[in-house]
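Same order as they appear, the protein sequences are chains A and B.
Sequential numbering of the first sequence, starting at 1, is according to my numbering.
Sequential numbering of the second sequence, starting at 1, is according to my numbering.
Because the hints were derived from the structure by calculation, they are not lab data.
Please note that a few of the clues may not be correct.
The calculated lysine-lysine pairs, modelled on BS3-like cross-linking and capped at a C-alpha distance of 25 Å, are [stated by the list, open to error]: (1) B:K45 x A:K87; (2) B:K74 x A:K87; (3) A:K86 x B:K129; (4) B:K189 x A:K109; (5) A:K124 x B:K134; (6) B:K33 x A:K143; (7) B:K63 x A:K109; (8) A:K86 x B:K33; (9) B:K189 x A:K124; (10) B:K195 x A:K147; (11) A:K147 x B:K200; (12) A:K109 x B:K33; (13) B:K62 x B:K74; (14) B:K129 x B:K141; (15) B:K129 x A:K109; (16) A:K147 x B:K74; (17) A:K124 x B:K195; (18) A:K143 x B:K63; (19) A:K109 x B:K195; (20) A:K109 x A:K147; (21) B:K45 x A:K147; (22) A:K143 x B:K74; (23) A:K86 x B:K195; (24) B:K154 x B:K195.
Chain B regions said to be covered by chain A (calculated; three or more residues, Cβ under 8 Å) [as the list claims (entries may be wrong)]: (25) 47-57; (26) 81-95; (27) 98-105.
Beta carbons: idealized from backbone N, C-alpha and C, even for Gly.
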Amino acid sequence: MRNVAVILSFVVLLAGCGGQQHDPRVAVQSGVGSDTLASNIITRPIGQFVSFVIGEGIVVDNVKEVRTPEGFLQVQVSGYNQSMFKKQFQYRAEWLDGNGMVIDSIMSKWMTVSVPAKSAFSFKAIAPNPAAMDYRINTRVAKNMDK
Amino acid sequence: MKTYYTTAVLLSLLVAGCQPATRNIDVTNDEGKAVMELDYRDFDKAATDLVQSMLASGVFSKKDGSRYVVTTAKVLNDTMQRIDTEQLTFKIEQELMSSGQVTMTAAVGGKGAPDEMVYQMRDVRDSSKADEFKQSTMPGKGQIIAPELSISGKILQRNVRYDSNQQQVEYYFQLRVSEIASGLTYWQKETLIGKRGSRKTVPW
Numbered sequence: 001m002r003n004v005a006v007i008l009s010f011v012v013l014l015a016g017c018g019g020q021q022h023d024p025r026v027a028v029q030s031g032v033g034s035d036t037l038a039s040n041i042i043t044r045p046i047g048q049f050v051s052f053v054i055g056e057g058i059v060v061d062n063v064k065e066v067r068t069p070e071g072f073l074q075v076q077v078s079g080y081n082q083s084m085f086k087k088q089f090q091y092r093a094e095w096l097d098g099n100g101m102v103i104d105s106i107m108s109k110w111m112t113v114s115v116p117a118k119s120a121f122s123f124k125a126i127a128p129n130p131a132a133m134d135y136r137i138n139t140r141v142a143k144n145m146d147k
Numbered sequence: 001m002k003t004y005y006t007t008a009v010l011l012s013l014l015v016a017g018c019q020p021a022t023r024n025i026d027v028t029n030d031e032g033k034a035v036m037e038l039d040y041r042d043f044d045k046a047a048t049d050l051v052q053s054m055l056a057s058g059v060f061s062k063k064d065g066s067r068y069v070v071t072t073a074k075v076l077n078d079t080m081q082r083i084d085t086e087q088l089t090f091k092i093e094q095e096l097m098s099s100g101q102v103t104m105t106a107a108v109g110g111k112g113a114p115d116e117m118v119y120q121m122r123d124v125r126d127s128s129k130a131d132e133f134k135q136s137t138m139p140g141k142g143q144i145i146a147p148e149l150s151i152s153g154k155i156l157q158r159n160v161r162y163d164s165n166q167q168q169v170e171y172y173f174q175l176r177v178s179e180i181a182s183g184l185t186y187w188q189k190e191t192l193i194g195k196r197g198s199r200k201t202v203p204w
């Protein structure tokens, strides 16, 4: 039982090892940079398995809002794909006016984002008109995508 | 004889029962299969992408704060499909007008006047039927506002052999905004929608 716990701890540790010894703004994918414990050809499958089992995915770590000179609210969502697999997802922004009413717009459509493993991402959305004061963004898994 | 009739009726009922039932598409949250041809989801995506870029670029921002008068010129369908390019341009016009930045003209366009009534009423004005109308309600001469900006573009299709079983179809949505007076282009963008699927599917 103790052995199992030790192996599991090792494996979890392995999955968490990104081996980022460079500028974090540059994501060096497995097979591009030098091997790390997590990206080694022997240990990578274990890391990938653990990543899959513990369900690693996207984390959103920053949402920026700006008003363009024309008065349109623009939002930039930034985050990180913690998984050891590419993640493809869709987002849809809904825009709300000053009274909290949804603004009808063709721009409230599902748009696709694809993020490589262990990489940062960001996407931008702009309000359909200057009356937009707030927004809601929803996400879902992107289906029917070529892997 | 009776047995044949019964069998035929039963078979036809069975065949009818095997046909998939007609269902309405959930156009807001459609998770249906992708198709090789361009479908409404592709037009929505392309229009959203293009309008977002147009609005973010500030191309429709006029120095005096007034609205630009805009027309949609020719958007060429260079695909193997029969597409009415208004599937794209209508959405874009709608969204640009909702943005409060532009006014679209119905007097001129790439396929002629989008609203022929603009000229039909002028024909009436110059005909003998004009007396039937209250003259103050008739359109006068020199009233139509000329467009300042024009939106034009193209939808392109390229078919590429991907492997022995699959093909790749690339659709390029290209749009530009030009100033009619100077002929200068102030904004342009290309949006790509790519699909891979069976070679047996013919995308037209």
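Which hints, by number, does the structure contradict?
The structure breaks hints 2, 3, 5, 7, 15, 16, 18, 22; every other hint is satisfied.
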